[in-house]
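Those protein sequence lines, which keep their order, are chains C and H.
Counting along the first sequence from 1, when you hit position 471 you're at 472 in our numbering, and nothing is skipped either side.
Counting along the second sequence from 1, when you hit position 181 you're at 182 in our numbering, and nothing is skipped either side.
Mixed in with the good hints, there may be bad ones.
Unchecked claim - Computed, partial: chain C to chain H, Cβ under 10 angstroms:
1) 148
2) 151
3) 152
4) 304
5) 307
6) 316
7) 317
8) 320
9) 321
10) 401
11) 410
12) 411
13) 516
14) 519
15) 520
16) 522
In case anyone wonders, no lab produced these hints; they're calculated from the structure.
Backbone N, C-alpha and C fix where the C-beta goes; we use that ideal spot for every residue, glycine too.
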Amino acid sequence: MIQPSLLHVLQPKWRTALQRLREERASGGTSKLVVLILVGGAFWALVFWILYRILKGLRAAQELGPLIPGKMLGLILLSFVSILILSNVITALSSFFLAKDLDLLVSAPVDWLRLYLAKLGETLLHSSWMVALMAMPILTAYGVVFKGGILFAPYAILAVIPMLILPAVVGSAVTLILVNIFPARRTRDLLSIIALGAAGGVILLFRLIRPEQLARPEGFRNLLDFVILLRGPTSPFLPSEWTSQAIMGFLRHEFDPLPLILLWSTAAAFVTFGALLHRALYPQGFTKAQEGAERFVRGVFWRWTVGSLLGWLPVAKREFVLKDIKLFFRDTTQWSQLILLAVLVVVYLFNIQALPLHRGEPVGFFYVNLVSFLNLGLAGFVLASIAARFIFPAVSLEGRQMWLLRSSPLDLRALLWSKYWVGTIPLLILGLILTGLTNALLQVTPFMMILSLATMTAITLAISAMALAFGTLYPQFETENAAQIPTSFGGLVFMMATIALLAAVLIVLSRAVYTYVRSAWEGQAIGVTAEMVAWFVVAAALCAAATTIPLRLALQKMQTFEF
Amino acid sequence: MIRLENLTKLYGSFVAVDDITLHVPRGVLYGCLGPNGAGKTTTLRMIAGILRPSQGRVLLGGDDVQKNPLAAKMRLGFIPDRPFVYDKLTGAEFLRFVAGLYGQQGDVVERRVAELLEVFELTSWKDELIEAYSHGMRQKLIISSALIHRPDCIVVDEPMVGLDPKAARLLKDIFRQFVHRGGTVLMSTHTLEVAEAMCDQIAIIQHGKIVAAGTVGDVRRQHQAGDASLEELFLKLTGGAQVRELIEVLGGGA
C-alpha cells in the first residue's frame with residue numbers, strides 16, 4: 002500500500018494555520034500584524050543592540066580575544082537546550098498522546114514511522130519556534146561584530162537546526178517512557194510538576210552559580226586561571242557546545258567540520274533510535290493514555306474553608322468562586338506553575354539582597370530609594386506576567402461551558418466579579434510580599450515603605466482588571482492548550498498596555514519621590530507637601546481609571562458573546 | 002409559554018433563521034424537526050439567550066430574553082447537544098454549582114441533587130471527576146442540571162444523542178410527566194419515531210423557515226399526505242429526492 006506523504010499527514014495542521022491567517026486578514030488583521038511586527042522588531046533590535054555593545058566591548062580586550070564571547074554563546078545555547086528539553090517533554094505529551102487528530106491518524110493505515118516523524122516535527126515546531134526567534138538577533142550580533150559575512154547566516158542555521166532536533170527527540174522519548182510507566186493521565190500531572198520543578202531548579206542553580214562572575218576577572222587569582230576557565234568547554238557532550246564551537250570556529254575563520262559532523266550525525270542517530278523506541282512503546286503508551294482517570298473527590302475541604310468564609314456572598318457568586326478555586330487546584334498544569342513562581346520570587350529577593358548598596362557610602366540613601374522605587378516597576382512587571390498567565394485566560398477557559406452560563410440567570414457582572422477577585426487577591430498578596438520584603442531588605446524609610454505598598458495595591462488592582470478585560474476582548478475559546486492563551490495577540494496587547502500604565506504611574510510618582518529624596522539629601526525637614534499629594538492623587542486616578550474602564554469594557558464585550 | 006416573534010438570525014449575508022414566528026403553549030411537548038443545517042440549533046440557542054437574534058424577539062412566560070434576561074432564564078432549563086462541562090468538578094459539585102447559578106442553596110439543593118443522581122443512576126459516580134464520565138453520563142448529568150431548579154420550560158437540542166435505550170426511555174417518561182404537570186418542552190430531534198411518539202405538536206424547519214407546523218395530523222392535512230408516516234412527510238417537505246439518489250448511490254454496487 003502506498004503510504005501518504007508526511008506533508009499529507011500534517012495537512013490538517015498546516016491547513017488550519019493557513020485558514021487562521023486568512024481569517025485574521027479578513028477580520029482586519031493588518032493592524033494586528035503591524036503591531037506584532039513593531040513589537041517583535043523592537044524586541045529584536047533591543048536584544049541585538051545589548052549584545053552588540055557587550056560583544057564590541059569584549060572584543061576590544063585583546064588578550065582574551067573571542068574567548069569570553071565563545072563562553073557566553075555556550076552558556077546562552079546551554080540555557081536554550083535546557084528550556085527546549087523541558088518544553089519538548091510537555092509538548093510531546095499533547096502532540097503524541099492527547100491531540101484531537103490522533104484517533105483519526107492511529108485508526109488510519111498510516112505506518113508508525115510516518116506517524117512518528119509527523120508528530121516529532123509538530124513537537125519540534127511547537128516547542129522551538131520561540132527559541133529559534135530569540136536566537137536570531139543573538140546570532141546576528143555575533144555575525145556582525147565578528148564580521149561573519151553573508152555566508153554566516155546559512156551556516157548558523159545549519160549549526161542550530163540539529164541543536165533543535167536533539168531536544169525534540171529526547172523530550173519525546175522521555176514522554177513516551179513516562180506514559181508507559183505511570184498510569185495514563187497521571188503522567189500529565191507528573192510531567193507538569195517535574196518540568197516546572199526542573200525549570201525552577203535550573204533557574205535557581207543558574208542564579209546561584211552567578212554567571213556574572215565571568216564578567217569580573219578580578220575575582221580570580223590570576224589571569225591564567227581565568228583563561229583556563231574560559232578555554233575549557235562548558236559541557237563537552239552537549240549539542241549546545243558543539244553548536245557554539247561550530248559558530249565560533251566559523252567566526253574566528255578557523256573552520257573545523259568536526260562540530261557540524263557531530264551535530265548532524267548525532268541528530269540522525271537520535272532520530273533513528275527515537276523512531277525505534279516509538280515503534281516498540283507507542284502502541285502500548287497510546288492505549289494507556291486513553292484510559293479514564295479514576296479519581297474520587299469529595300471536595301468538602303473547599304466547601305468548609307472557602308465556602309464558609311464566603312458565606313456572606315450571594316449564592317451564585319459564592320458557587321462561582323468555589324468552582325474557580327477547585328478547578329485551579331485540581332488542574333495540575335495550573336497549580337504546578339506556583340512552584341516556578343515561588344522559585345522566581347526567591348531569585349528576585351536573592352538578587353535584591355545581593356545588591357551592594359549598604360557599604361556605608363553617603364550615596365547609599367539615594368540608591369536605596371532609587372532601587373526601592375524602580376522595584377515598583379519591576380514587581381509590577383512580574384505581576385503583569387503572572388496575571389497574563391493566570392487571569393488573562395480566565396474568560397477564554399469558560400468558552401466551552403458558556404452555554405450553561407449564558408442560559409442560566411447568572412448576572413454577567415457576578416461572573417466578572419468572581420473572576421476578578423479570585424485572580425486579584427492572590428496577586429495582591431504576592432505583590433505586597435514582594436514589595437514589603439524587598440523594602441525590608443533594602444532598609445527603606447517608612448515613607449518609601451508606605452508609598453510602595455499603597456502604589457503596589459493600586460497597580461495590582463489595575464493589572465488584574467486589565468488582564469481580565471484584555472482576555473475578554475481577545476478571547477481564545479477554541480484553543481486546545483490553555484498555556485497558549487497568554488502568548489496570543491491579546492496577551493501581547495495586554496502586556497504592552499500594562500507596561501504603559503506602569504511607566505505612567507512611575508513617572509507621575511517620581512515627581513513626589515524626587516521631592517522627598519531631595520529634601521532628605523539636603524538635610525531639610527521631610528514632610529508631605531501639597532505638590533506631592535497632587536502627584537499621589539494623579540497616580541491614584543490613573544490606577545482607578547485603569548481598573549474601572551477595562552472592567553466596564555469587558556462587561557460590554559461579554560454581553561455580545563455568541564456561541 | 003415560549004413565544005418567538007419574527008425571529009431572524011444572520012451570519013454575515015447567510016440567513017440561518019428566517020423570520021420564525023411560533024407559539025408553544027403551556028403543557029405541550031413541541032418538536033422541531035428539520036434536516037442538518039436547517040437552523041434548529043440556532044433557534045434553540047437564541048431561545049436560551051446564548052445567541053442574540055438579528056431581528057425579532059423571544060418571550061419566555063412573558064419575559065423578553067434580551068430585555069429581561071434574568072427573569073426569563075429563571076423559567077428555563079436548557080440542554081445543549083454537545084455536553085461540555087467542567088471536567089475537574091465532580092458530578093455532585095457540578096449540580097450544586099448550577100443550582101447556585103439559579104440562586105438555590107442549602108438542604109433543598111442537596112436533596113434535589115441526590116434525587117436527580119438517583120433517577121439517572123449516577124449516584125455511585127457523584128464524587129468522581131466529570132473527566133472520567135462517558136458521553137452518555139455527561140448527557141445525563143446535563144439533563145439533571147437542567148431540571149435541578151424545577152424550570153417551567155425545557156429547551157432541549159437532540160435529547161437522545163448518546164443515551165442508552167434505558168436512559169432514553171427514562172427521558173421520554175420524564176418529559177411526558179413534566180408536560181403532564183403543566184411544564185413545556187421544546188425539543189429538536191432527528192429521530193422521527195421519537196417525535197411521532199412523544200410530541201403533541203411539531204414544526205418542520207427548512208432553510209431557516211417553518212415549512213409546516215401543528216399536530217402530525219394537521220401537517221398531514223395541510224400537505225394532503227393522507228395517512229403517510231411522519232418520515233414520508235418529512236422527506237416530502239425537506240427534499241426526499243436526495244434520499245432516493247442516496248439510496249441509488251449506496252445500492253449501486255450491489
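So, going through the hints one by one against the coordinates:
no.: 1; hint: 148; verdict: violated (56 angstroms)
no.: 2; hint: 151; verdict: violated (49 angstroms)
no.: 3; hint: 152; verdict: violated (51 angstroms)
no.: 4; hint: 304; verdict: holds (9 angstroms)
no.: 5; hint: 307; verdict: violated (13 angstroms)
no.: 6; hint: 316; verdict: holds (4 angstroms)
no.: 7; hint: 317; verdict: holds (5 angstroms)
no.: 8; hint: 320; verdict: holds (3 angstroms)
no.: 9; hint: 321; verdict: holds (7 angstroms)
no.: 10; hint: 401; verdict: holds (4 angstroms)
no.: 11; hint: 410; verdict: holds (4 angstroms)
no.: 12; hint: 411; verdict: holds (5 angstroms)
no.: 13; hint: 516; verdict: violated (52 angstroms)
no.: 14; hint: 519; verdict: violated (55 angstroms)
no.: 15; hint: 520; verdict: violated (55 angstroms)
no.: 16; hint: 522; verdict: violated (56 angstroms)
In summary, the structure is inconsistent with hints 1, 2, 3, 5, 13, 14, 15 and 16 from the numbered list given earlier, while agreeing with the others.
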